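K.L.:
Chains as they are written, first to last, in full-length UniProt numbering: chain A, 1 to 359; chain U, 1 to 226; chain G, 1 to 546.
Heads up, a few of these hints could be off.
With the Cβ distance kept under 8 Å, some of the chain G side facing chain U (calculated, not the full set) [said to hold, decoys possible]:
(1) Pro135
(2) Phe447
(3) Ser451
(4) Pro468
No lab work stands behind these hints, which were simulated from the structure alone. Every value quoted in this text rests on a predicted model; they were computed, and no experiment measured them. Cβ atoms here follow ideal geometry from the backbone N, Cα and C, with glycine treated the same way.
So you can see what is in the structure, the chains are spelled out below.
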Amino acid sequence: MVKKKTGLLSGLIGMSLLLAACGGNEDAATTTPATTDEETKEAGVVNLYTSRHYETDDVLFDQFTEETGIDVNVVKGEADELGERLSREGEATEADLYYTADAGRLHWAKEKGLLQPVESDVLNENIAENYRDTENEWFGLTKRARVIVYAKDRVQPEDLSTYEALAEDQWNKKVLIRSSDNVYNQSLVASFISLNGADAAKEWAQGIAGNMARDPEGGDRDQAKAVVAGIGDVAVMNTYYFGQLLNSEDPEEVKVVEQLGVFFPNQETNGTHVNVSGAGVTKHAKNKENAIALLEFLSSEDAQGQFSEANFEYPVNENVEPAELLASWGEFKEQDLNLSELGKYNADAVKLMNEAGWK
Amino acid sequence: MVMQLHDVTFTYRNAKEQTIRRVSMALEKGEIVTILGQSGSGKSTVLRLIAGLEVPEQGEMVIEERTIFDAKTFIQPEKRGVGMVFQDYALFPHMTVAGNIKFGLKKMKRTERDERLASVIELVGLTGFEKRYPHELSGGQQQRVALARAMAPNPSILLFDEPFSNLDADLQVKIRDELRTILKKTGITSIFVTHDQADARAIADRVIVMEKGSIIKTGTPALILS
Amino acid sequence: MTVFRSIRRRTNSWSILSILFTLLILSPALSIFVQIFEKPNENWAHIQEFLLKNYIQNTLTIVLFTGIFSILIGVSLAWLVTAYTFPLRRFFKWGLILPLAIPPYIGGYTYHGIVNYTGIVQSTLRNEFGIHANPVFFDILNIPGAIFVFTIFLYPYVYIITRAYLEQQSASLIENARLLGSGPLELFFRVIIPISRTAIIGGASLVILEVLNDYGVVSYFGIQVFTTAIFQAWFGMGDVGTAIKLAGILMSLVFLILFFEKALRGRKQYSYSNAKVRPLEPVSLSRKKTTVLFAYVTVIFMLGFAIPFVQLFQWMLLTYEKVMSPEFTQLIANSVYVSMVSAFIIMAVALVIGNFTRLSDGILSKAISRVTVLGYSIPGAVIAIGVLTFFLWLDRRLNVLYEWLNIDAPIILSLSLIMLIFAYVSRFLAIGFNPVDAGFDKIGRSFTEASRLLGKPLWRTFIQVDLPMIRSAVLGGYTLVFIEVMKELPLTLLLQPFNFYTLSTKAFQYANDEAVHEAALASILIIFISGLSIFMFHAVLEKEKR
Ligand SMILES: Nc1ncnc2c1ncn2[C@@H]1O[C@H](COP(=O)(O)OP(=O)(O)OP(=O)(O)O)[C@@H](O)[C@H]1O
Ligand SMILES: [Fe+2]
Ligand SMILES: [Mg+2]
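The whole structure should be built from the sequences, with the hints applied where relevant.
P.N.:
In structure tokens, the structure reads:
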């Protein structure tokens, strides 16, 4: 009986060793991006660090490979951490593109010297100026607006006007918004710092912190649900989450969200806050041409249309119509702001929200 | 002279005073020596030093003309040819009686090994128990397996650290007489630690008395224990 | 002369290997630890003024209550399962470990999905019964909710260790207490808890460590704890220095806790005695009491495993067609592969270090056994940065070699699985080391000494005597590490090579974007594989007993 037990144990150990031996090779083949191998040289590769995890993206990468023969290698992680990894790898990095949500983060990467300017007529043509870096170090690829959603039964659209108004007494204990850790909120506040100045932005943050229906919790979708649940009357959220909820596989979610309306604030004043997800070629890219080719592909009308259809994001390419749902909300006035500003004021925004007591 | 210990000194880590102070002794071939002394006097420590389980600060030891330790040498325990019967026997619970006894028989042919097993097992009177596991034996039987296991590789010296303390009084008397018979029959040189004077009287050719880490007396049982 | 001799006596391949392993594995953690002494900058002041007090308060609240509840649940279950008979007892023996197969952040998402406004509970009340319950009542995205999630998915650490301990206890101890007139409750609080103190503290400290370095649950729940401050400094303010300083403080805190644990544990006890104790036999209770007991055990099992599992399963059915792809076989292979290899390496290293520290009494060996826990004491992302930095440095050193070999890439190691596996080893060494250490503790040294006196050198002794005697501890450690790696997220996210995904990163990719339903398939697979390994471990142990 003793023999049997030790046998089992050594079997287990042997198995791991065996796996280590053969599995290692197999993985090396699939995981090491080859920049220099003979065979790949013809078509080449492009190596990507991305914090976007949408299936649409994968589908588009596959199409790109099909069209150009260039293989797309991907590391999917969290934006800030990938940025940190890129920064630590420095010159040695194998990443050619850094692809992430939020212009603030893209700007941060630029400031850290992780990106390089790109001259491409195609990109300049496809992407409006506001949505790319002033020095063309990064390019927005999809656009979203941070809007107010309201309970149709309790709130009339006429009651709503601006972000600023949400900080007023009228909305005391009625506002739902997620925590200040979240980059979307940080960028929102950063845009106010840029447009209205730090004092006004802080005052606003204090007003919002005071008007919250509950301490911030959950993601954007949770804010919407909380409005329907009656915890508050209005919520601030990104448009694509609203689109996703409306198209959920869970009929209950669809039913609930149908009770909500979307409102684009600040139409009479300085416009609704928009943000992008986008990408930039890394400073030490080993496959710069391919990286630019991928960027151009993603900004093409075809790809832009797919982003919008599948993920309810607004195209940055003005020739492309947004998905039907987005179109049904109508056109709207955006903040007149180069999105680099969001990055510039990010750190200030974080501190300011902390000081305002926004949890 | 089978073994010589000269001027051995040792201090445990954390201990303030020297645990063993300049201990010397010499053993004749086939001699049975008993170390007597109060609890904490350093008896077990002397055995551990001889076995190589502790490293002396100072002193020398020679077994059968081979230097075991001195200022330059330190032979690892497994290479010393010293056997030991532990107070709690330390029988490997995952091996049978046969497995335990054969454990120390290396560099022997299979048949030789089996013969050796049969002979020591007969010597301790446990024939028929080969397939048992230690926990399937009584205390006295376990003790005899421990003895057989220690004797099997034919050590130059056999050390016993209070081998009877786990046994009841009747058994103790019986086993200790048996033990002496076995030791004398095989002619193994042995050191025997105890604090029971009756034990010493029954089994020893010579008695060494320790106190606070030093040897204070040595002589025949009759002389020392009168 | 003494020094010379003792060096000679102690210097063997074990000590050299141990020191080498320790230095290598802990260099990333150590590099973080030393940075706490660096001068603070102005972000530090900001964090101190606005965040720290509140964050520490939240952290302590969560740690304290999670600790207490885990102990109460873990120990009571361990005791009930060991001492009484009830229906399905044999299943619950291992079934109660199953919550460990669910990563707490997935459990958190799942519970939130169950009780939120569109979740099954509220929507059923609303649609079937027309009851509009106050949604605040169902809110779990808060501190009590986090305590619930941590407790229900982590209590098995306490349960496993305490049960193993109680099973070895002598029946006469308990019988004596009964004879002295203790009722069941008194017996539990006055005898069982005190005698199992060591085991309880061992299990609870694993729970606490896990809670302290969690980021997944708290960030989703929007609770600001100490780790939040680390991440805010790092990403919100772009100040790695302050982040690392905070991580260092956390690490010191953990060290303090462990120090207390050791102090409480007191003198080691060697207890593999030959005189076999009569093991505790479960007794049966009155019908009424058995029902209550069964209900309690079932409720915990439902909360910790069945309910979240069923919910995930339902979500999986909802999204199966959308999510399922052939890629999943590769994901399973990747997850199982890294988990097995890491667990194997960890157990090997743990055995070497464990054997070394038990055989020598120097301060060095004590220190080594304590620092194994370093990697487990700080948030994964921080450790990951340490590992990355270390590997990039290695790559730079090795550049000459690469050139000589005609490899025209500046970094090889830091793009390979080796880095990721190294990181796992560095992080989870403590999980593998603990049971090995306890196992060695239990057998003591005399078997080893006996073997050496019978002519076997250290290595042979290790293979023939030590290893077989602690094999169940090794197997237990292997299982725990396997599950931990299976569930691991932050290290994997940061250090993954190109195109290398695991079930865990797949689940994250959806969950991170609030697509909880889509994350279900990957989550279910993680849980299934981890659950299976728990079952296999249990089966092996049971077979051994017979
Ligand atoms: N591992 C150790 N570390 C430190 N001191 C020790 C250790 N082992 C023993 N000592 C101390 O060394 C001294 C001698 O111990 P030793 O075990 O040799 O005594 P002993 O004569 O065998 O006693 P007993 O008859 O009780 O077994 C004692 O004072 C004891 O406290
Ligand atoms: Fe998002
Ligand atoms: Mg003694």
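K.L.:
Hint by hint, note whether the structure agrees.
P.N.:
For each hint, the structure was consulted:
Hint on Pro135 of chain G is violated. Least Cβ distance to chain U is approximately 59 Å, over the 8 Å limit. Annotation: interface hint on Phe447 of chain G holds; nearest CB of chain U at approximately 5 Å, less than 8 Å. Below 8 Å, beta-carbon pairs count as interface contacts, and Ser451 of chain G has one with chain U at about 7 Å; its hint therefore holds. Nearest Cβ of chain U to the Cβ of Pro468 of chain G: about 5 Å, under the 8 Å cut. The hint holds.
Consistency note: the structure conflicts with earlier hint 1 alone.
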